[in-house]
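> One-letter residues, chain by chain:
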Amino acid sequence: MKSFAKIGLVAAAALALSGAAQAQAYPDRPITMIVPFAAGGPTDIIARIVGDHMSKTLGKQVVIENVAGAGGTTGITRALTATPDGYTIAMGHLGTFSAAPATYPNLKYDPLNGMQPIGLAGGTPILVVARKTLEQADLKSFVAAVKANPDKFNEAHAGLGSVSWTTCTLLKGQLGVPKLNAVAYRGTGPALNDLVSGQVDFMCDQIVSVAEQIKAGTIRAYAIASAERSPALPDVPTTKEAGLPEYQIEAWNGIAAPKGTPKEAVDKLVDALNKALNDEGTKKRLLDLGAVIPTVEERTPAGFAAVIKRDADKLSPILAAAPR
Amino acid sequence: MDMFSNLALGFSVAFSLQNIALCFVGCLVGTLIGVLPGVGPIATIAMLLPITFGLDPVGALIMLAGIYYGAQYGGSTTAILVNIPGEATAVVTALDGHEMAKQGRAGIALGTAALGSFFAGCVATLIIAALGAPLTKMALLFGPAEYFSLMVMGLCFAVVLARGSILKAFCMIMLGLLLSTVGTDLETGQERMTFGFPPLADGIDFAVLAMGVFGFAEVLRNLENKEARDVVRSKIGRLLPNWDDIKQSAMPVLRGTMIGGTLGILPGNGAVLGPFASYTVEKKIAKDPSRFGKGAIEGVAGPESANNAGAQTAFIPLLTLGIPPNAVMALMVGAMTIHGIIPGPQVMTKNPDLFWGMIASMWIGNLMLLIINLPLVGLWVKLLQVPYRLMFPAILIFCCIGIYSVNNQPMDVAFTAMFGLFGYLLIKLGFEPAPMLLGFVLGRLMEEKLRQALIISRGSFMTFLERPISAGLLLVAVIVLVIALLPSMSKKRDEVFTE
Amino acid sequence: MSLNPAERSRGMRIKSTQDFAAGLFMIALAGLAFYLARDLSAGTLRQIGPGMLPKSFAAICGGLGLLLCLSSLRYEGERLAGWSWRGVLFVLGGAVLFALTIRGFEIGPLRVPPLGMAVSGPIVVIVAGLAADDRNVKQLVIFAAAMTLFCALLFKYALGLPIPLAPWLLGI
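As you go down the protein sequences, you meet chains A, B and C in turn. Residue numbers 5 to 328, in my numbering, belong to the letters of the first sequence in order. Residue numbers 36 to 534, in my numbering, belong to the letters of the second sequence in order. Residue numbers 139 to 310, in my numbering, belong to the letters of the third sequence in order.
Be aware that one or more of the hints could be misleading.
[Unchecked claim] Facing chain C, a subset of chain B residues (Cβ under 7 Å, in silico): (1) 167; (2) 405; (3) 409; (4) 462; (5) 464; (6) 465.
[As the list claims (entries may be wrong)] Below, simulated DSSO-like cross-link-like pairs (lysine-lysine); rule was C-alpha separation at most 30 Å, straight line: (7) C:294 <-> A:60; (8) A:244 <-> A:136; (9) C:294 <-> A:64.
Just so you know, the hints here were simulated from the structure itself, not pulled from any lab data. Even for Gly, the Cβ is constructed at its ideal location relative to N, Cα and C.
With the rest of the complex left out, here is chain A (with noise of 0.2 Å):
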């Protein structure tokens, strides 16, 4: 038995050796990846889903770490803070990379600034639904009932932080009703339960959460609020049909790597993502959540850089502004 071990010591050391010698050899070891929030949840499954078709590329394991708390800057805070080698990344969202600077104002990273972006990695549309008992047939008449009487309605939202939230806050913002009285669950599902049985009229929430309670009936969906309908609910119209365009909001995933991460790491992991999102079945996978496909604009470094400050110049103004 000891000297069982003995050899496998030393046999993990020379592997440790030549491991140091070739160093160029990126990656020569598991790469974490870091997922900010609970197992299950819409981003850790689009984590799993890219991660494993990620592995095949990269020659090594792509291990999914769910570090969650504090609506998931505990875990991007860890990602960023970790030694900038190339195996330690995380996919975030829309909230961590986005929204947290206005939502959080200690938060301890700086997405613009202060972190390697690789790429998005999927985006889920938004929708905003309602009860289905709540007079208001459409999006157009809904707005205006809430406009005309904001006390009369209840939001519902997974906690300050989570999509939810963020994008509910951005309506309200947007209708000029930003004290409408707001029910805080702990999580997209007690939300909906309530939702589903009519104690709260309405919110907003990603397409993988809300497309199958709309398909049976149970919920009401008013719009979409992306630029197309989606394949998984060509029914309901986008915000633009239904008469309040500016909403446009999309929960996005994306992965990022701390700052100073070597350009060779980084430029790995930029292909090892596009071969990822190229490949027929991780894309079905992924169209099958609802989820969109991102432009290969957007899988590029230069591209999620983009797309996070075009969203936390839409954010930003009416989150620090929402009462809390």
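Please arrange chains B and C on chain A, whose structure you already have, making use of the hints.
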């Protein structure tokens, strides 16, 4: 009847060689992680998600479900043997189960838990098959107001958990509630009582608190009290329950199954209340309530059945509404989503083989768990014979690794040590930690639901009394409290605060 | 109630030192919670603020503590028992060392790299094991090595948890 043709479809799916094998693997892994303190089903299911990529969705979900209820079985083993409840639902089992182990009746406690769970699992499977769809409506009847009242009722149960002074039990409940408010406020994002310390931003993790005040503190207590731990080692006793034990636990199992099964259906982790409610009922209707907390077999049989029944009926909101009632079920949503099945109200009609296959596999899984666990009882009991000087370092390394892997946060391990000190202090001051854990588990939900209900009612407390279900629950709470306090009130003045 | 319980007790005999200490403990915790929650707004019933429940719970805790102190003056109860520092030091110290070394830490000038389970595992087993009266150091060291190997196989490989093994040696 429709149900039988559906169940037949389910069994034809579940009895395929591959699915039986997957079910077995799931149950085995589940038992293993349940036994290991700290490593919960959440971390394991998350880690095993990618492995299921290659499987078909039914097989994958059968395996993951096996892990989930296997972990419930395994969790009671650790609670009974070393007094470490890995999950909120095992807290009650630890109370009398570990006492039984100390009396050399560990095997009987484990056997009773396994048999009770098996019975509860069988009944719960039938409930899901027969009543899954109609029961869905029940989940939708519970709004924030009803939920708040349910939590209040649950806290009243906690008083009964007290083994000594009722006043001290009240102290522990309130302390649990107070601890539950630590962390970032859900609505405003303000940090509350965190000392500005980032790892506390999301509050205190249940595993950290439970492992600290139960696990670590128990080690400290045992190190000091040499005789107590050697008693565990010297007596092994019978391995499996005999006829008398079974007769004694039959009714508690039946009642526990009913209570747990009902509460499990409620959204928002109602299943947590099941074991506590069952324990309360058993203690209150027992001829001699003083046996509870000192190794009463009913205190293991009832709550364990309630736990398993609740764990299974928790699938009802997921399968029929598509809404996950707790964190593990949220993971199951993730698992289904990865396989292209997005849970919703239509799963039953769109994927009947998945729906009924899973239900059938639950029954098979319960049978397998019994087959896995009964022979293991002897092995587990033998583990108690490991000298304590080696056993507690082993417990410690398992706890450390387990706690670390909950959130991959080293600080959590340090916090657990701190709560170990806290728990040791509580022991020295004569407090019982069990009511504190219940207060802690319910506190966070209670605050959320209170705030939600009051926003919706625009600040009117009458909402809790105007809604019939909520009012009914509050009435039960008052009755429970009166029953709990009355016997002590009628006693002599000197005993006012002890039951 | 201007006198604090300690002063009041001078006039009376404390019949249960354990209950009395428990009461003081509750009051102290309530005080700490109140201090920490001082800046949190309680809000209104319509829009409950973050401070409402922590402050209410703390107030009730303090009240119960006071009641406990008073009852300890009247009713017989347990005495406060002794405290064993060795267990606390070694057992909890072992766990803290595990926390500090598994991923490394940096406190001021003191910097420890991530050592992984290969080092943290034996540390926790050996340090904690020293707390037993009947400790056997040689046995403990062998046991520590065996447990660490077992845990590495179990957690890292069988369960696939992303726990660092020995980043300084194996890179994982």
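> Evaluate each hint against the coordinates.
Each hint, compared with the structure:
Using the Cβ-Cβ criterion of 7 Å, the hint placing residue 167 (chain B) at the interface with chain C is not satisfied: the shortest such distance is roughly 32 Å. Hint on residue 405 (chain B) is violated. Least Cβ distance to chain C is approximately 23 Å, over the 7 Å limit. Taking 7 Å as the C-beta cut-off, the interface hint given for residue 409 (chain B) is violated, the closest approach to chain C being about 23 Å. Because the closest C-beta pair between residue 462 (chain B) and chain C is about 9 Å apart, greater than 7 Å, the hint is violated.
For the restraint placing residue 464 (chain B) at the interface with chain C, the shortest Cβ-Cβ distance is roughly 4 Å, inside the 7 Å limit, so the hint holds. With 7 Å as the threshold, the beta carbon of residue 465 (chain B) comes within range of chain C, its nearest partner Cβ sitting at about 5 Å, so the hint holds. Under the criterion of a C-alpha separation no larger than 30 Å, the hint pairing residue 294 (chain C) with residue 60 (chain A) is consistent with the structure, at around 21 Å. For the hint pairing residue 244 (chain A) with residue 136 (chain A), the CA-to-CA distance comes to about 22 Å; that is within 30 Å, so the pair holds.
A C-alpha spacing of about 16 Å is found between residue 294 (chain C) and residue 64 (chain A), which places the hinted pair at or below 30 Å, so the restraint holds.
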